[in-house]
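Visitor: Taken in sequence, the protein lines are chains G and H. Position 290 of the first sequence, counting from 1, maps to 290 under this note's numbering, and the rest follow consecutively. Take any residue in the second sequence, count from 1 to its spot, add 349: that is its number in this note's numbering.
Honestly, the hints are just simulated from the structure, not real lab data. From a predicted model like this one, the values you see are computed outputs, not experimental measurements. Here a beta-carbon is modelled for each residue, glycine too, at the ideal position from N, C-alpha and C. Treat each hint with caution, since some may be false.
As the list claims (entries may be wrong) - Residues from chain H that face chain G, not an exhaustive set, calculated with beta carbons under 7 Å:
#, residue
1, Gly-377
2, Val-579
3, Gly-580
4, Ser-643
5, Ile-657
6, Leu-661
There are 2 protein chains.
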Amino acid sequence: MNTQSRILRLASAVAACVLVSPSAFAQGLDVPARTLPVPQSVSPQEQKLIAAPLRPGWNVLPKTGEEWKPVADAGAEAIIKGVPGLIERMNVKVEKSTIDGVRVFIVTPATIAPANQNRVLIHMHGGCYVLNPREAALPEAVMMAGFGGFKVIAVDYRMPPEAYFPAALDDGMTVYKSVLKTTNAKNIGIIGTSAGGALVLEMGLRAKQLGLPMLGAIAAGTPMSDVTKVGDTFYTNELVDNVLVSRDGFCDAGTVVYAAGHDLKDPLLSPVYGDFTGFAPTILTSGTRDLLLSNTVRVHRKLRDAGIEAFLQVFEGMSHAHYLRDDTSPETKAAFAEISGFFGKHLGQ
Amino acid sequence: MNTQSRILRLASAVAACVLVSPSAFAQGLDVPARTLPVPQSVSPQEQKLIAAPLRPGWNVLPKTGEEWKPVADAGAEAIIKGVPGLIERMNVKVEKSTIDGVRVFIVTPATIAPANQNRVLIHMHGGCYVLNPREAALPEAVMMAGFGGFKVIAVDYRMPPEAYFPAALDDGMTVYKSVLKTTNAKNIGIIGTSAGGALVLEMGLRAKQLGLPMLGAIAAGTPMSDVTKVGDTFYTNELVDNVLVSRDGFCDAGTVVYAAGHDLKDPLLSPVYGDFTGFAPTILTSGTRDLLLSNTVRVHRKLRDAGIEAFLQVFEGMSHAHYLRDDTSPETKAAFAEISGFFGKHLGQ
Chain G
1 MNTQSRILRL
11 ASAVAACVLV
21 SPSAFAQGLD
31 VPARTLPVPQ
41 SVSPQEQKLI
51 AAPLRPGWNV
61 LPKTGEEWKP
71 VADAGAEAII
81 KGVPGLIERM
91 NVKVEKSTID
101 GVRVFIVTPA
111 TIAPANQNRV
121 LIHMHGGCYV
131 LNPREAALPE
141 AVMMAGFGGF
151 KVIAVDYRMP
161 PEAYFPAALD
171 DGMTVYKSVL
181 KTTNAKNIGI
191 IGTSAGGALV
201 LEMGLRAKQL
211 GLPMLGAIAA
221 GTPMSDVTKV
231 GDTFYTNELV
241 DNVLVSRDGF
251 CDAGTVVYAA
261 GHDLKDPLLS
271 PVYGDFTGFA
281 PTILTSGTRD
291 LLLSNTVRVH
301 RKLRDAGIEA
311 FLQVFEGMSH
321 AHYLRDDTSP
331 ETKAAFAEIS
341 GFFGKHLGQ
Chain H
350 MNTQSRILRL
360 ASAVAACVLV
370 SPSAFAQGLD
380 VPARTLPVPQ
390 SVSPQEQKLI
400 AAPLRPGWNV
410 LPKTGEEWKP
420 VADAGAEAII
430 KGVPGLIERM
440 NVKVEKSTID
450 GVRVFIVTPA
460 TIAPANQNRV
470 LIHMHGGCYV
480 LNPREAALPE
490 AVMMAGFGGF
500 KVIAVDYRMP
510 PEAYFPAALD
520 DGMTVYKSVL
530 KTTNAKNIGI
540 IGTSAGGALV
550 LEMGLRAKQL
560 GLPMLGAIAA
570 GTPMSDVTKV
580 GDTFYTNELV
590 DNVLVSRDGF
600 CDAGTVVYAA
610 GHDLKDPLLS
620 PVYGDFTGFA
630 PTILTSGTRD
640 LLLSNTVRVH
650 RKLRDAGIEA
660 FLQVFEGMSH
670 AHYLRDDTSP
680 ETKAAFAEIS
690 GFFGKHLGQ
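I would like the entire structure built from these sequences, with the hints used as guidance.
Guide: Following this line, the structure appears as structure tokens:
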């Protein structure tokens, strides 16, 4: 082909690209198989997390609370082994307690930042509403207390088979109501990731339903904000996210057990469908490989459309909640620095 | 299998998942072929854009400025056809002019918002440094003027084969320096998408190099902030983004022609490698299917790590710069509302 005809071919190819006829609309986009390299644009710690294989057992799907219990216990045992070291590195103190009958851990940093003296954070752990009982609830709360210099109350809420929807939410609200007796709502923040990220959004919505004062600020990490399997990254990041792996995996199965037949589209299970008018300032965290990236950005959009202060941070290459997996990682430190700064800016003193 | 042994199998599967031996680290993640449905979580307008086939000619790769020219002309012709209607819907006036020898369009909305009377935005168009000459440079500038009520100077900067790196950047800086004669730097914002998103970041970095005052605020849409092919979504969103399609596609080819042998890692071509100390407040826009989502979030992280006000918005399901394709789309309106609000908050008056 001579230069002239090559140029004409190029020109017509590009001219064609702006004309899309309706009949060309496909029902879906076929994407071929590919191998994704470990990106060089993240820290060595995050590279290690990205290079890990898909979570073993991601497609093992217990069907009842009784079936989940030993799964949760086994998983918790492994996590709890790492907790003492984390507590030491973060230089915090942990006391087991109850608040109005709800099991909690009070996590106190060696030094509470001066601005945080009259502030309290409530932490709701993740784990698909069925995992991370007892001290396995602690890692995010310990990191938040340590990195941010906040007092944190970690809620070890009831889960199947002990109790079902809305038990976890109720336990969170019980603690919030108790803290409200001694602390201004604007000085109270709540933080959680995954199911915990959904629970803190649900708590904000529930506070509105109950006529309670709105919290000061909320940190929702990669929230399970839509458990009806709606959301584009449920598809684009399927088998790319090495933690959750698939919308049809273990986490969905756990949520269905917790919901116990309740409508999954209820904003108290899928908070993206809630009314965010008057909601608290909210910081959202996700990653580019996160199966719940859509769940995260959709909540961000809804909050902004409701006129709410809402800050989104998305980490390069991260699958679901990688930022909770290695407290030495620069990405983890950056995530908690943003969250601490956001609480610092928006909570009352 | 009885219930007891099923439970034990589940428990051991989950227990195993927290133990990852270093030898298990793969060199890459194999992802099977899949069909991505059009998500229901976006507007009908955005569904139409998502359902469009991959950009025809995405893998046609002109190799010289002379080869790009007819491609750019043909593409521009198609875009320019839509400009009069857009100007009418946005209710703006467009005047062709030059500023110190640089070709520009002055875009003035029918009503300049009172707060914006002493503010000016400079617009740098996209198109891989080789596309969208003349009035094809206008769509984003017209939307910004119309949706935001700002006066916008759209720069029709020099491109190959007329001129090569750093001509586009130089033209932007010439306009900035001219506007500085009559307008406080803090009242000047710059906006651009794709190559334009990179150019506005490059302008901020160049202002520092030249000892010019820093701009008031910057809006960088899905910036080509790393043209060295580093970035995880170059891989995860390859053949998923229906606009750019691939890191080895037309856009990369255009940039290489513009760079004309200059080091692609120079922050004036890959601004993610720049020093953002003292940078302007910056708003960044991307989408979950965007090939440049990593390019976008990496700049966000760098800005935040440098202590800069930086706001990230990521739209559900969007490929590269879909928000410029349909001014009737709710997502487009939301994107420009955020950008207008950000300029409103950070620009001086």
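Visitor: Take the hints in turn and mark each one as holding or not.
Guide: Results for each hint:
Look at Gly-377(H): its Cβ gets to within about 4 Å of chain G, closer than 7 Å, so that hint holds up. Annotation: interface hint on Val-579(H) holds; nearest CB of chain G at approximately 5 Å, less than 7 Å. The restraint placing Gly-580(H) at the interface with chain G holds, with a minimum CB-CB distance near 6 Å, inside the 7 Å limit. Given hint, Ser-643(H) at the interface with chain G, holds; its Cβ is 5 Å from that chain's nearest Cβ, closer than 7 Å.
Interface hint status for Ile-657(H): violated, as the beta-carbon distance to the closest one in chain G is roughly 13 Å, over 7 Å. A distance limit of 7 Å between C-beta atoms decides the matter here; for Leu-661(H) the minimum to chain G is near 5 Å, and the interface restraint holds.
Hint 5 from the list above is the single one not met by this structure.
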